[in-house]
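Visitor: The listed protein sequences correspond, in order, to chains A and B. Residues 1 to 892 (the working numbering) are what the first sequence spells out, left to right. Residues 1 to 227 (the working numbering) are what the second sequence spells out, left to right.
A few of these clues could be false.
Below, in silico cross-link-like pairs of lysine-lysine (DSS-like), each with a Cα-Cα straight-line distance of 25 Å or less [unchecked claim]:
hint	chain 1	residue 1	chain 2	residue 2
1	A	K564	A	K631
2	A	K503	B	K154
3	A	K506	B	K154
4	A	K413	A	K355
5	A	K564	A	K553
6	A	K127	A	K116
Which stretches of chain A does chain B cover? Using the computed rule of at least three CB atoms under 8 Å from a CB of chain B, they are [as the list claims (entries may be wrong)]:
hint	region
7	274 to 283
8	492 to 504
9	527 to 535
Think of the hints as simulated: they come from the structure by calculation, not from any bench. Note that CB positions come from ideal geometry on N, CA and C, so glycine has one too.
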Amino acid sequence: MTTAMTCTRLTIFTVAGIFLQIIGLSIFVFGFFPVKPTLSGISGSESYRDPLCDSSSNSNESELHSDKLRLHYQELSGIAMVSGAIGGFLDVAFNFNTQAFLEDNLLGQFFRIGWKMVMLGDETWLKLFPGLFMRHDGVSSFFVKDTVQVDRNVSRHLPDELNSDDWNFLILHYLGLDHVGHTGGRNSPLMAGKLKEMDDIVRTMHLIAVMDRNHDQGQTLLVVVSDHGMTDNGNHGGSSYEETDSLMLFIGLGSNFSDYGATINNVAFQVDLAPTLALLFGVPIPKNNVGVVVPGTLSSLGDYEQLRALELNSWQLLRLMQAQIPSSLFEGFSCNCFVDGICEGLDISECSGDKEKQLICLFRNAALLHHIWKSKKLTKSSGAVEDFSGALDAYNAFLKTASEWLASKTTEKPVFLLGLGLSAMLLSCIVCATLFLSLFKEVYHEPKDRVCSLSYRLNLEEVFIFALLLILVISMGSSSMVEEEHYIWHFMLSTFHLLILFKTAKLFDFSKGRNIVGDYKAVSIFLLLISGRLLRGWHQGGVNWTYLPDISKWLEQVGSGYVKWIQLISNFLVIGLGLFTLSRTGSKRKSVCVLALGFLTCGFLVLLHTGRYQDEMFGVSTDFGATVLVKVIYLLLFISAIGAALVLPWSMLNKDKSVLAEAGDCLYLIGSAYIICWCLLHLLLQQPINSGPILLLLIQILAISCLSSNDFQVNEWVEIAALYYMGMAGHFSLGNSNTLATIDVAGAFIGISSHSTILSGILMFMITYASPMLFLLSLVMYVGAKLRNQSHSTISTHRETSLGQILKLKLGFPCLVPLCINSILLTAYTVVLLLMRNHLFVWSVFSPKYLYVCATTLCTYIGVCIVAVTVTYAFFVTTFRRSNRTTRHDNS
Amino acid sequence: MKEGKKKKPETSIGESISALGAFFVYLITGLFLAVGFWVVRDKYSVDLISDPSLTLRLLWMIEFPIVVIIFSLFRSNPKKCSYFRAVGRSIVGLISGAIINALGAVSLGAPVGMQSLPKTVHWSFLMSVFTVVPATAVFGASWTNWHRVFASLKPTGNIEYMILIPAYGAIIGGWFGAWPMPLDWERPWQEWPICVCYGAIGGYIVGQLVSLSLMIFLRKHKNLKLA
Chain A
1 MTTAMTCTRL TIFTVAGIFL QIIGLSIFVF GFFPVKPTLS GISGSESYRD PLCDSSSNSN
61 ESELHSDKLR LHYQELSGIA MVSGAIGGFL DVAFNFNTQA FLEDNLLGQF FRIGWKMVML
121 GDETWLKLFP GLFMRHDGVS SFFVKDTVQV DRNVSRHLPD ELNSDDWNFL ILHYLGLDHV
181 GHTGGRNSPL MAGKLKEMDD IVRTMHLIAV MDRNHDQGQT LLVVVSDHGM TDNGNHGGSS
241 YEETDSLMLF IGLGSNFSDY GATINNVAFQ VDLAPTLALL FGVPIPKNNV GVVVPGTLSS
301 LGDYEQLRAL ELNSWQLLRL MQAQIPSSLF EGFSCNCFVD GICEGLDISE CSGDKEKQLI
361 CLFRNAALLH HIWKSKKLTK SSGAVEDFSG ALDAYNAFLK TASEWLASKT TEKPVFLLGL
421 GLSAMLLSCI VCATLFLSLF KEVYHEPKDR VCSLSYRLNL EEVFIFALLL ILVISMGSSS
481 MVEEEHYIWH FMLSTFHLLI LFKTAKLFDF SKGRNIVGDY KAVSIFLLLI SGRLLRGWHQ
541 GGVNWTYLPD ISKWLEQVGS GYVKWIQLIS NFLVIGLGLF TLSRTGSKRK SVCVLALGFL
601 TCGFLVLLHT GRYQDEMFGV STDFGATVLV KVIYLLLFIS AIGAALVLPW SMLNKDKSVL
661 AEAGDCLYLI GSAYIICWCL LHLLLQQPIN SGPILLLLIQ ILAISCLSSN DFQVNEWVEI
721 AALYYMGMAG HFSLGNSNTL ATIDVAGAFI GISSHSTILS GILMFMITYA SPMLFLLSLV
781 MYVGAKLRNQ SHSTISTHRE TSLGQILKLK LGFPCLVPLC INSILLTAYT VVLLLMRNHL
841 FVWSVFSPKY LYVCATTLCT YIGVCIVAVT VTYAFFVTTF RRSNRTTRHD NS
Chain B
1 MKEGKKKKPE TSIGESISAL GAFFVYLITG LFLAVGFWVV RDKYSVDLIS DPSLTLRLLW
61 MIEFPIVVII FSLFRSNPKK CSYFRAVGRS IVGLISGAII NALGAVSLGA PVGMQSLPKT
121 VHWSFLMSVF TVVPATAVFG ASWTNWHRVF ASLKPTGNIE YMILIPAYGA IIGGWFGAWP
181 MPLDWERPWQ EWPICVCYGA IGGYIVGQLV SLSLMIFLRK HKNLKLA
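Produce the complete structure using the sequences and hints provided.
Guide: Okay, here's the thing in structure tokens:
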């Protein structure tokens with residue numbers, strides 16, 4: 001940048017960069033999360049009918065039954081096993097308020113036909129399928145070090161369960177083997193013993209199953225499956241062969257395999273388990289299943305049943321295909337032909353052409369052969385055996401192709417879109433960084449620019465801000481660090497505060513003795529440290545360490561009375577601090593008094609709401625009085641904030657102050673109005689326990705503003721970056737995490753009388769992003785405070801500069817720094833997500849985090865937009881009035 | 001600059017110490033740290049992982065006397081301040097340094113609670129031995145010296161290098177040592193304060209090495225200047 005950038009150019013470039021980012025982000029999201037057309041609902045009796053026939057030809061099926069099923073899982077992480085579907089991420093996102101698995105699945109189907117199910121093992125099952133199990137004993141899968149107790153907890157029930165007759169379906173989930181792998185690797189000394197233990201359990205169960213059969217108590221199918229393999233170190237999560245290779249063993253199908261080689265080389269996919277079990281037990285195949293029945297498992301059945309099972313599977317896949325293939329391709333397909341037997345026009349044909357046509361053709365062949373075999377069987381004509389094997393092969397061919405096609409449809413990613421989106425984001429990131437650097441150069445090297453971009457020595461804090469960014473970007477690559485992201489924020493932020501403390505100590509001058517300013521600074525920093533520590537301890541967030549004690553758990557344990565007290569204290573203190581900040585400008589204008597009165601009223605109303613209604617928190621939407629009260633509070637807060645922003649610049653009148661000082665005063669007031677309104681709103685919306693953190697966050701903001709107004713030797717952009725970081729740390733201390741489960745849904749219905757997705761969505765966004773937004777809003781106050789400070793010292797230097805120049809210097813960093821940090825994080829995380837697209841946790845860890853990153857981006861845009869608009873408006877109004885006054889003055 | 005001949009640092013009086021002397025001081029402190037670990041392992045048959053608080057207690061109890069004995073020899077202003085006074089004030093320094101270290105650790109996120117209290121206390125005593133105790137023994141209550149060395153980072157003379165660099169090494173090492181704690185590796189040493197302790201000891205040793213090389217480098221530099 002050779003010439004100084006004008007304000008207009010800066011704005012245009014920034015807006016262009018943002019737009020580029022939005023476009024890139026939406027392209028990427030559209031490409032990465034393809035909205036696959038899944039079928040909602042649950043397979044019922046319609047799954048026994050041909051999807052191409054509208055008329056229900058009721059072929060009442062004699063289903064295949066065996067009595068008991070013992071499913072012996074060694075570990076589960078794949079939903080794939082029970083639903084047969086490959087997870088689409090957005091489905092999870094849309095059902096975020098529950099951890100339960102809502103899609104059509106095998107367990108649900110069993111439940112629907114009245115089966116009694118028993119589950120022993122990982123408690124994840126209970127979270128996924130609440131209420132389905134008659135008896136259960138869940139064990140937390142958390143203690144990975146424990147390789148004995150987890151399995152003993154499952155096995156101790158085994159004798160009882162095997163002796164009792166009341167269940168149809170028993171799930172044993174042994175976690176120990178996985179834990180052995182995690183602790184000691186594939187060649188762990190514990191491994192042999194653990195495998196032996198597993199073998200013994202399988203043997204016991206098999207013996208009992210054989211005994212049952214001998215006593216004519218029906219057949220039992222024993223299925224042993226594992227959900228993943230492991231690397232030599234015992235880890236899993238990647239996509240290597242060792243990790244994805246797993247086992248599926250069916251014992252007790254009744255057919256005597258003499259050829260063991262055939263059974264060993266039988267390769268199937270995990271998604272194949274669901275249709276196989278569904279068909280074996282005669283329940284409808286889950287709707288979004290893309291698997292096919294495992295060949296060989298049906299061989300104990302008769303010819304008719306075998307073909308019927310394949311037909312059902314084909315119909316189910318065909319239904320899924322119908323959602324993705326234009327229906328015109330299915331034309332020329334009369335179902336009457338199969339029912340009435342008049343399909344002379346159709347012939348077995350060689351299938352060629354594009355994939356969709358080929359699939360339909362394959363299905364038609366199979367259906368035709370099946371029909372021919374049926375009609376021959378009826379007439380008892382010869383050649384039935386050849387036709388049977390022909391139909392079998394045709395069905396298998398169709399199923400295999402269809403399954404592959406469907407699976408590729410759900411996982412394929414348009415590379416072009418991804419690349420386009422990513423490059424757009426990269427470009428916008430570069431634009432933001434360039435703008436920031438040019439502004440940086442201009443501000444910190446104002447006198448004749450030498451070639452000094454390298455010679456500029458970064459301070460310790462500046463280096464630290466960059467290091468924090470770098471560490472964040474690096475840590476995003478590890479799934480456990482994404483889960484425990486709050487540790488990084490809190491740790492780094494406390495370190496930052498300690499660095500500031502160090503710097504203050506360094507600048508402390510003994511010769512002057514103890515001056516008040518230095519003490520204020522130390523007190524503010526200690527306040528920052530203490531409130532930061534309390535915020536960190538308030539919610540033990542994350543995934544792995546949630547069981548550790550924290551303040552919120554402790555308070556809830558002690559009793560709700562304490563929570564009430566905290567709410568009360570926070571409420572009073574927030575109002576008190578608000579009035580204190582308002583009074584700090586020293587102006588006793590009417591407008592300020594009105595504003596203060598507005599806050600007092602709002603605070604009082606919030607208190608009233610807390611006292612009266614919050615006990616029946618969840619019934620709030622039904623209570624008319626509460627809803628009206630909440631609406632009144634919303635309205636009042638809205639009027640206070642918007643009114644302050646609109647009116648205050650007009651009402652400030654101070655002849656002996658410069659324009660800048662006046663604008664500074666005004667912006668300071670507006671900023672404090674914003675944050676007080678926001679805090680009061682959140683005292684209302686957030687869970688009662690979160691009122692403490694809200695107060696602490698407010699204290700942090702005030703402490704930082706106190707620091708920066710007291711001749712704080714830290715660069716402006718460092719302070720803004722620190723504010724942004726504090727906002728992010730506060731985000732986690734309000735109980736949020738990078739999983740979708742922590743979003744507070746209950747709060748999203750406060751004050752809404754009718755169910756409206758948009759309104760609740762907005763409320764939910766506000767609740768989740770309370771802290772980043774608070775800190776972004778505080779930037780208005782920050783800008784004001786800076787202006788007031790500077791106008792005391794350097795009134796004369798800015799006299800002649802134009803409005804645009806002032807705006808650029810004052811508003812440049814508060815807007816550019818958050819945008820820059822955010823765009824860097826967004827771009828980096830996009831790259832991480834692309835790299836991790838084959839990771840086991842891509843849907844469970846990385847994608848939720850990506851949603852959060854996108855929402856943070858949105859939050860940053862909104863916040864920066866508010867800041868920019870407010871500051872610009874205030875400046876324009878102040879200068880306009882000043883020039884008006886001077887012209888009037890000149891005229892008179 | 002021929003003081004390098006003196007083999008026993010104990011005989012040197014006042015503030016001056018040669019690089020070789022510093023080397024011996026470091027050797028002795030390092031040796032006692034090793035002795036501490038040996039005692040813990042062979043006499044009590046525990047280690048840092050199985051019983052952190054006992055281990056840390058033994059470590060600082062063994063390390064503290066030797067640090068005090070050595071650094072009190074280098075007390076500034078030895079005329080006015082007797083040896084025993086230096087020892088006495090370093091005990092005060094130990095306690096106040098422990099409090100500062102504990103507060104720092106807690107503010108950075110060390111767990112607060114009755115369970116982790118003994119660990120935190122003993123860890124902060126050990127950190128105090130590394131960081132504050134040598135400085136108290138040497139500087140006493142001379143705040144200007146403290147400020148000059150620790151805040152302004154302007155040490156003069158070898159003994160101040162010996163105080164400053166290992167102290168900051170221990171702090172920075174401990175800071176980096178905290179990094180693996182939130183990871184889900186399920187290793188026993190990820191508990192507070194074990195890896196922080198390893199980090200601090202590692203940083204302390206690295207600091208000693210750095211200060212030693214700095215001393216040698218600076219002496220050469222000075223010699224060159226003199227020549």
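Visitor: List, from low to high, the hint numbers that the structure doesn't satisfy.
Guide: Hint check: 7 fails alone, others pass.
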